[in-house]
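Novice: Quick note on numbering: the working numbering labels position 14 of the sequence shown as 14, and the sequence is numbered without any gaps.
Because the hints were derived from the structure by calculation, they are not lab data. Among the hints, a few may not be true.
[To be verified] Derived Cβ-Cβ restraints for the label pairs, each shown as a range:
1. Phe47 / Lys18: 37 to 45 Å
2. Leu35 / Lys8: 22 to 30 Å
3. Trp11 / Thr50: 30 to 38 Å
4. Pro46 / Lys19: 31 to 39 Å
5. Lys8 / Leu51: 31 to 39 Å
6. Pro24 / Phe4: 18 to 26 Å
7. Asn17 / Phe37: 26 to 34 Å
8. Lys18 / Gln40: 33 to 41 Å
9. Leu35 / Phe4: 18 to 26 Å
10. Thr50 / Leu15: 36 to 44 Å
11. Phe47 / Ser16: 37 to 45 Å
12. Leu32 / Phe10: 15 to 23 Å
13. Thr50 / Tyr13: 33 to 41 Å
14. Pro46 / Ser16: 38 to 46 Å
None of the values given here were measured: they were computed from a predicted structure. Note that CB positions come from ideal geometry on N, CA and C, so glycine has one too.
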Amino acid sequence: MPKFNLLKEFWQYLLSNKKWWLTPIIIMLLLLSMLIFFTQSSAVAPFIYTLF
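Starting from the given sequences, assemble the full structure and let the hints guide the process.
Specialist: Shown next, in the form of structure tokens:
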């Protein structure tokens with residue numbers, strides 16, 4: 001459960017300090033990292049890399 005504890009603390013930090021501008025940045029970083037992780041060893045990888 002330490003992973004969820006970190007997320008909980010980060011969420012509380014966002015709520016208490018009104019750092020709402022960080023939310024879209026975190027979401028985009030998570031989406032990009034998931035895209036890289038899931039296309040790393042698939043047949044889709046050459047098509048994804050041409051986008052960047």
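Novice: For each hint, tell me whether it holds in the structure or not.
Specialist: Hints and how they fare:
1. At about 40 Å, the CB distance of Phe47 to Lys18 agrees with the hint of 37 to 45 Å.
2. The hinted window of 22 to 30 Å between Leu35 and Lys8 holds, with their beta carbons roughly 25 Å apart.
3. In this structure the hint that Trp11 and Thr50 lie 30 to 38 Å apart at CB holds, the actual value being about 36 Å.
4. Checked against the given bound of 31 to 39 Å, the beta carbons of Pro46 and Lys19, roughly 38 Å apart, stay inside it.
5. Here the CB-CB span from Lys8 to Leu51 is close to 34 Å, well matched to the stated 31 to 39 Å.
6. Taking 18 to 26 Å as the suggested C-beta distance range, the pair Pro24 and Phe4 conforms, at roughly 22 Å.
7. Hint check: Asn17 to Phe37, Cβ distance near 30 Å, so the stated range 26 to 34 Å holds.
8. A beta carbon spacing of about 37 Å between Lys18 and Gln40 agrees with the range 33 to 41 Å that was offered as a hint.
9. A hinted range of 18 to 26 Å holds for the C-beta pair Leu35 and Phe4, which are about 23 Å apart.
10. For the hinted restraint 36 to 44 Å between Thr50 and Leu15, the CB-CB distance of approximately 40 Å keeps it satisfied.
11. Taken as a hint, the range 37 to 45 Å holds for the pair Phe47 and Ser16, whose Cβ atoms sit roughly 42 Å apart.
12. A C-beta distance of roughly 18 Å is found between Leu32 and Phe10, which places it inside the suggested range of 15 to 23 Å.
13. Restraint check, Thr50 to Tyr13: a C-beta distance of roughly 38 Å satisfies the suggested window 33 to 41 Å.
14. In this structure the hint that Pro46 and Ser16 lie 38 to 46 Å apart at CB holds, the actual value being about 45 Å.
The structure fails none of the hints (numbered hints given earlier).
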